[in-house]
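Q: For chain A, the structure is supplied; the task is to place chain B with the ligands on it using the hints.
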Amino acid sequence: MAIVVFADHHQGEIKKAALEAIFYASEWATTQQQEVIAVVIGEVPHPSSLENLGQYGAHRVYYVNSSWLNDFDARLYSLVFREILEQLQAQICVLPHDFNGRALAPYLAAQWQAGLLTGVCSLPESDGSFQKQVFSGKALAWMHVHTARKVITLLPNTFSVKQQDRKATVENWQPSQVKADQRKIRVKELRTTQGRVPLSEASIIVSGGRGLKGPENWGMIEELAKVLGAATACSRPVADAGWRPHHEHVGQTGLTVRPNLYIAIGISGAIQHLAGVNGSKYIVVINKDPEAPFFQAADYGIVGDAFEVVPRLIEAVKKFKGLS
Amino acid sequence: MKVLVCISKTADTTAKISFTADQKSFNESGVQFIINPYDEWYALVRAVELKEQYPDTELHLISVGGPDVEPILRKALAIGGDMAFRVDLQPISIEPVAISIAEHVRQQGYDLIFTGKETIDYNGSGVGGYLAGLLDWPFISLATSFTWDGQIATVEREIDGGREIAEAMLPLVVSCQKGIAEQRIPNMRGIMAARTKPLQVIAAPEKAKENFVSIDHFALPQKKSGVHLIEPGNEEELVRLLHEEARVI
Ligand SMILES: Cc1cc2nc3c(=O)[nH]c(=O)nc-3n(C[C@H](O)[C@H](O)[C@H](O)COP(=O)(O)OP(=O)(O)OC[C@H]3O[C@@H](n4cnc5c(N)ncnc54)[C@H](O)[C@@H]3O)c2cc1C
Ligand SMILES: Nc1ncnc2c1ncn2[C@@H]1O[C@H](COP(=O)(O)O)[C@@H](O)[C@H]1O
Chain A
23 MAIVVFADHH QGEIKKAALE AIFYASEWAT TQQQEVIAVV IGEVPHPSSL ENLGQYGAHR
83 VYYVNSSWLN DFDARLYSLV FREILEQLQA QICVLPHDFN GRALAPYLAA QWQAGLLTGV
143 CSLPESDGSF QKQVFSGKAL AWMHVHTARK VITLLPNTFS VKQQDRKATV ENWQPSQVKA
203 DQRKIRVKEL RTTQGRVPLS EASIIVSGGR GLKGPENWGM IEELAKVLGA ATACSRPVAD
263 AGWRPHHEHV GQTGLTVRPN LYIAIGISGA IQHLAGVNGS KYIVVINKDP EAPFFQAADY
323 GIVGDAFEVV PRLIEAVKKF KGLS
Chain B
120 MKVLVCISKT ADTTAKISFT ADQKSFNESG VQFIINPYDE WYALVRAVEL KEQYPDTELH
180 LISVGGPDVE PILRKALAIG GDMAFRVDLQ PISIEPVAIS IAEHVRQQGY DLIFTGKETI
240 DYNGSGVGGY LAGLLDWPFI SLATSFTWDG QIATVEREID GGREIAEAML PLVVSCQKGI
300 AEQRIPNMRG IMAARTKPLQ VIAAPEKAKE NFVSIDHFAL PQKKSGVHLI EPGNEEELVR
360 LLHEEARVI
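In order, the protein sequence lines correspond to chains A and B.
Quick note on numbering: the first sequence equals residues 23 to 346 in the working numbering.
Quick note on numbering: the second sequence equals residues 120 to 368 in the working numbering.
Hints in this document: simulated from the structure, not taken from any laboratory.
Note that the coordinates shown come from a computational prediction; the quantities given were computed from them, not determined experimentally.
Be a bit skeptical, because a hint or two may be false.
Said to hold, decoys possible - Where chain B lies over chain A, by a calculated footprint (3+ residues, C-beta under 8 Å):
id : region
1  : 55-66
2  : 95-108
3  : 132-138
4  : 166-172
5  : 290-304
6  : 322-335
Unchecked claim - Taking lysine-lysine pairs in the DSS-like style, the calculated list, with each CA pair at most 27 Å apart, reads:
id : chain 1 : residue 1 : chain 2 : residue 2
7  : A       : K303      : B       : K135
8  : A       : K310      : B       : K121
9  : A       : K310      : B       : K170
10 : A       : K160      : B       : K343
11 : B       : K121      : A       : K160
12 : A       : K248      : A       : K303
13 : A       : K206      : B       : K170
14 : A       : K210      : B       : K342
15 : B       : K342      : A       : K303
16 : B       : K343      : A       : K303
17 : B       : K342      : B       : K143
18 : A       : K206      : B       : K121
19 : A       : K160      : B       : K135
20 : A       : K248      : A       : K210
21 : B       : K342      : A       : K160
22 : A       : K210      : B       : K170
As the list claims (entries may be wrong) - Residues on chain B that point at chain A, a partial pick, calculated with CB under 10 Å:
id : residue
23 : Y249
24 : W267
25 : G269
26 : A365
Just so it is clear, CB atoms sit at the ideal spot from N, CA and C, and this is done for glycine as well.
Excised from the complex, chain A in its bound form:
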């Protein structure tokens, strides 16, 4: 039997969260002696490079190279997946808990009549339960899926991958029950911020709050992010005031992020902000108020004026990286 994984990609580049999902499935498969099949939908520029998914634990890659499937569509992709899962008589499908995965997983679970567990952060334990963060990261729950068929989404950046020296076999696979004319959604435009690290995949995030006083002061935030190879984020009032774009807003009502390092500058650490960042492995807080609640959630902190501390921190990082 097989564990099937959604290997989501952008123009042939498999997303980090998807690589984690493949590795997760392969760890799960070793206890179940199952085969891991990564499914790549839509054309990629270099199909032979897909054999490298073996490094993350995929045994086989199903490459569904139809151009009419290039644009993501939860419904169409779900129809393709259902056909694959039925053909393989698989019982488990794993997807990354990211933008597309979160849309496809529930759709597929409904159509494939499976139980759905989203955002897990552990392999099944000996009693079969999965760990999942609930209350926006303020608590953990252990959950059971009672159905034979299971659709599971894996929370990004909770499972570090180990690469191995193995190649997957790449097979072309074509759906026979799904046709181009079943598409009901037409993608008109796709805009990605070129060259920037997407917030959801960033391993380091530099984030600014109202303490920075105004949008004109974001130069140093961007520079710190640049020298660290980080993405930038902000608190909600900063996005609401239009100092920064909405998609940078993290927290309970914004994006949930889980980087290895989150640097919070001039952010008080309100509970709704923490809800979106408390899954970060390490938190650094720079705030001039020693009483700022964020310090209680921090691993490292500097009590000081951001306008003095951040430029010095930039210099220190540059020196460390040999950039100056």
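A: Positioned in the frame of chain A, the structure of chain B with the ligands alone reads:
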């Protein structure tokens, strides 16, 4: 056009999270309950705006839950909507909620369904997609903008590091998040009007009573051991610690 907005009840964002002694359920004592912010601020407000734009729109709200969700539905009706439905079922996971709503949709017939991005307590992010899957309708998730010109819906959604704009015909399910609308505070007129709007209780379908996914127990995450403060002026020490101790740079 007939529009349905899915409303869920959730613990207030500042609520203290604690569990009963056996760790099996959420301790509700002293906790304030609110409309899930994604449902209230984004899904509902955008639907109310559509009704303002197209006054012949019929706008219904639905929540799956016990009698305790009725005050939440009344609050939602104060922001807008013609009537509300409560499916009488204590939901324990995504599937029963979606199955219950799908049954109602089949009976009532809708053109457009809005859900929130996710509930902020169980963070499932699943009801909208599962519902669309049951209905075999197209589904667009995490929408940051929605317009309808009377025939075609144009939806902008968030993707990794970017935006995607798609066009779709109705019927359609959309999960909504920040950007699609601005939060509205209900006014006195809305609150008064909500009191007399119909709120109908309906029975849950049998299929929704099956046990798909259940919670065994909860735990609070481990507390951080305490912050390591570094003197301002000593930023090089911070960089050293991040490299040698935390190993994150
Ligand atoms: C339902 C609900 C949902 C919410 N969702 C979110 C969410 O998703 N994300 C979110 O961020 N917020 C959210 N909020 C808002 C949240 O409660 C806080 O109001 C917000 O996070 C505060 O933003 P801030 O820390 O940038 O600003 P402030 O609270 O104003 O804090 C500014 C900080 O900067 C410090 N500071 C000032 N000057 C300097 C200086 N020169 N150098 C260093 N430090 C300085 C101050 O000491 C202070 O700690 C939500 C609120 C509600 C009610
Ligand atoms: N019990 C419920 N009743 C009605 N709608 C719900 C319920 N639970 C969730 N929803 C809707 O589905 C969205 C996603 O919820 P979830 O999949 O639980 O994260 C919410 O934002 C609501 O719009």
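Q: What are the numbers of the hints that this structure violates, sorted from low to high?
A: 1, 8, 9, 11, 14, 20, 24 and 25
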